[in-house]
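*Asks:* Given the coordinates of chain A, work out where chain B should sit on it, guided by the hints.
Number of protein chains: 2
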Amino acid sequence: MQDKNRSELFSEIVEHRRAVRDFDTTHSMPENIVEQAMNDALLAPSSSNLQLWEMHRVKSDGVKEKLAHLCMGQGAAKTASELVVVVTRKDKWKERAKWNAEKIRSSLNGEEPNEKIKGALAYYEKLMPFAYFNDPLNITGFFKYLLLNTIGLFRPTVRRLGHTEGRIVAHKSAALAAQTFMLSVAASGYDTCPMEGVDPVRIKRLLKLPTGAEVNMVIAVGKRTSQGVYGPRLRVEANQVIQTW
Amino acid sequence: MQDKNRSELFSEIVEHRRAVRDFDTTHSMPENIVEQAMNDALLAPSSSNLQLWEMHRVKSDGVKEKLAHLCMGQGAAKTASELVVVVTRKDKWKERAKWNAEKIRSSLNGEEPNEKIKGALAYYEKLMPFAYFNDPLNITGFFKYLLLNTIGLFRPTVRRLGHTEGRIVAHKSAALAAQTFMLSVAASGYDTCPMEGVDPVRIKRLLKLPTGAEVNMVIAVGKRTSQGVYGPRLRVEANQVIQTW
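Going line by line, the protein sequences match chains A and B. 263 is the number of the first residue of the first sequence in my numbering; add one for each residue after it. 263 is the number of the first residue of the second sequence in my numbering; add one for each residue after it.
Don't read these hints as lab results, they were simulated from the structure. In this text, all values refer to a predicted model and were calculated from it rather than measured experimentally. Treat the hints with care, as some may be off.
Which copy? The list can't say, so a pair holds if one copy fits it or any two copies do.
[Unchecked claim] With a Cα cut of at most 27 Å, we get these calculated DSS-like pairs of lysine-lysine: (1) 485 <-> 328; (2) 470 <-> 340; (3) 378 <-> 485; (4) 470 <-> 326; (5) 340 <-> 380; (6) 328 <-> 378; (7) 378 <-> 470; (8) 380 <-> 470; (9) 378 <-> 388; (10) 340 <-> 388; (11) 340 <-> 378; (12) 326 <-> 340; (13) 321 <-> 485; (14) 485 <-> 380; (15) 466 <-> 326; (16) 378 <-> 326.
Pulled out of the complex, with its shape left as it was, chain A reads as follows (with noise of 0.2 Å):
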C-alpha cells in the first residue's frame, strides 16, 4: 500500500472518532474490538520505556453498571458495551525500572556492553533512582528543585523531578496509549468517549486499585447510534494552537 493512500486512511479514522454519547444498546459488539485496541495501546511510547499505567476492561454487566454510576451516571457509561479504565501506576516506577535494566542485561548475552548499551543501564539503575525517589513529604523533591535550578542558571537541565511531575509523566504516557486504544476502536468502525468527570475515590475502590494507582480516564466503547454524537465538531482556527518558528 501506498504510504499516500496509508496516511489518508489514518485522517479518515481520526476523522471517525468522535465523542459518542449514545452507544445502541442492541448491538452486540464482537470480543476483539477492545483486545485488538489493547495490543496496539501496548505499544505507544511510554517516559523512559516504564510503562507505568494498566487498563481494566470492563465487561461483566454488574460492575459495568457500578462503573457508570461512578461516572456520574453519563449517557456514553450508562449505554457503552464495554468501559475502559485507564489507570496510572508510578507506585510501579522501581519494578519496571529494574526489569528494563534486566532486559538490556540479558540481550547482551554475557558479551561487554558498548557506549550505549552502558548509557542506558546507567540510567535506569543509578539516573532513575535519583529522578524518581522521593519521600512522602516531598523534602527530596524540594531540594532536587533546589539543585536543578541552580544548576540551571549554567546550562541546560531538566528541572523537576518532585512527586507531582511523576504524576504528570505517568498521566502523560497513560494518555498516549488512551488515544492509540481510541484510534484503534475507531479503526475497526467503532466508538468510544473519554470520560474524566468520574469519581477515583469510588472507581479505586471498586477495581481494589492501590494507593499509589490514579485513574487517568474512564472510556467508554461501543457502536454509536444516530444520536450519539451532540452536534458538529467544534476546533479553534489553527492559527490559534500552532505557531511556526
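*Replies:* What follows is chain B alone, placed relative to chain A:
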C-alpha cells in the same frame, strides 16, 4: 475499504512508530508531513473541548539548533528535520470556555435551546468557572477538595479540582494530541521521537512562552537511518497491565 483492512493498517502504523534516535540529515522531508500531522492532531479529543495546548513547529536552522541544545543535545534532537514543542496552556481556560459557549449559542440561530444545549451552556458558563477557578495559594483548591470529598462520602462525585489537577488534565489532553501527531507522521512513512528530558525553563524563554504555558514534550521528526532504532521493542506482558472484569 473494509473495516478489517483499516484496522490491520492502523496496527501497521502503530508497529512502524518507534522512538527514533538518529535521523537522516541528508533527507529533505516534504513540508506537508508535519502540516498533515498537525491537522490530524487538532482533531484529538480534549478535556471539555478546551483545547488547552499548542504546537510550536521549529524548522529554521537557527532556532532548531538552540532547541536541540535544550533537549540536552540528544541525538534525536540534533539530527531531526523538524522539532515540534507540545505546550499546555491551562492559563487559557477562561477564554476557551467562553469560546465554546459562544459557538454553542451561535449555533442556535436565535432558537430556544433544548435541555442538552442548556446543559452544555451551564457547564461552560457556571460549572467550569467553579472547576477551574483558583487563587495563587491554592486556598480555593483546598476548600473545593474539602467540599467535594465531603459530598463524596455520600454519593459519587468528582474529587479534585485544584491547581495540580488542572495541570494534569491539560497535560493529558496535550498527550492525546501528541500521540495523534506521532501516529500521523508514522502513517506518512516518517519517524518521531518524543522527548521529556528537556530544559522547560530555557525552552519557554526561547519560544517566548508566557508563565502559564508548560512544555509537555518535544517531538523530533524526520526519516530514520538504519541506526535510528536502538533495539528490539521491549514491553511487559499484556497480563501485567491489562485486567478484565
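*Asks:* The structure should be examined with respect to each hint, and the outcome stated for every one.
*Replies:* Right, here's what the structure says about each hint:
1. Taking the shortest Cα distances, residue 485 and residue 328 sit within 27 Å of each other inside one copy (21 Å), while across copies they are farther apart (48 Å).
2. Proximity of residue 470 to residue 340 under the C-alpha cut-off of 27 Å is restricted to the intra-copy arrangement: shortest distance 21 Å within a copy versus 45 Å between copies.
3. In this assembly of identical chains, residue 378 and residue 485 lie within 27 Å of each other by CA distance solely across copies; the values are 21 Å between and 47 Å within a copy.
4. Taking the closest pair of Cα atoms, residue 470 and residue 326 come within 27 Å of each other only inside a single copy of the chain (15 Å); across copies the shortest separation is 47 Å, beyond that limit.
5. In this assembly of identical chains, residue 340 and residue 380 lie within 27 Å of each other by CA distance solely across copies; the values are 21 Å between and 51 Å within a copy.
6. Proximity of residue 328 to residue 378 under the C-alpha cut-off of 27 Å is restricted to the inter-copy arrangement: shortest distance 24 Å between copies versus 49 Å within a copy.
7. Taking identical chains as interchangeable, the C-alpha atoms of residue 378 and residue 470 are never at most 27 Å apart, the minima being 40 Å within one chain and 34 Å between chains.
8. Taking the shortest alpha-carbon separations for residue 380 and residue 470, neither the intra-copy value of 39 Å nor the inter-copy value of 37 Å comes in at or below 27 Å.
9. Only within a single protomer do residue 378 and residue 388 lie at most 27 Å apart by alpha-carbon distance; the minimum there is 15 Å, versus 54 Å between protomers.
10. Proximity of residue 340 and residue 388 under a CA criterion of 27 Å is satisfied inter-copy only: 25 Å between copies versus 47 Å inside one chain copy.
11. In the homo-oligomer, the alpha carbons of residue 340 and residue 378 lie at most 27 Å apart only across protomers (17 Å), although the nearest pairing inside one protomer, at 50 Å, exceeds that limit.
12. Taking the closest pair of Cα atoms, residue 326 and residue 340 come within 27 Å of each other only inside a single copy of the chain (8 Å); across copies the shortest separation is 48 Å, beyond that limit.
13. For a Cα distance limit of 27 Å, the shortest separation of residue 321 from residue 485 inside one copy, 15 Å, qualifies, whereas the shortest one across copies, 41 Å, does not.
14. In the homo-oligomer, the alpha carbons of residue 485 and residue 380 lie at most 27 Å apart only across protomers (26 Å), although the nearest pairing inside one protomer, at 49 Å, exceeds that limit.
15. In the homo-oligomer, the alpha carbons of residue 466 and residue 326 lie at most 27 Å apart inside one protomer (14 Å), although the nearest pairing across protomers, at 44 Å, exceeds that limit.
16. In this assembly of identical chains, residue 378 and residue 326 lie within 27 Å of each other by CA distance solely across copies; the values are 24 Å between and 47 Å within a copy.
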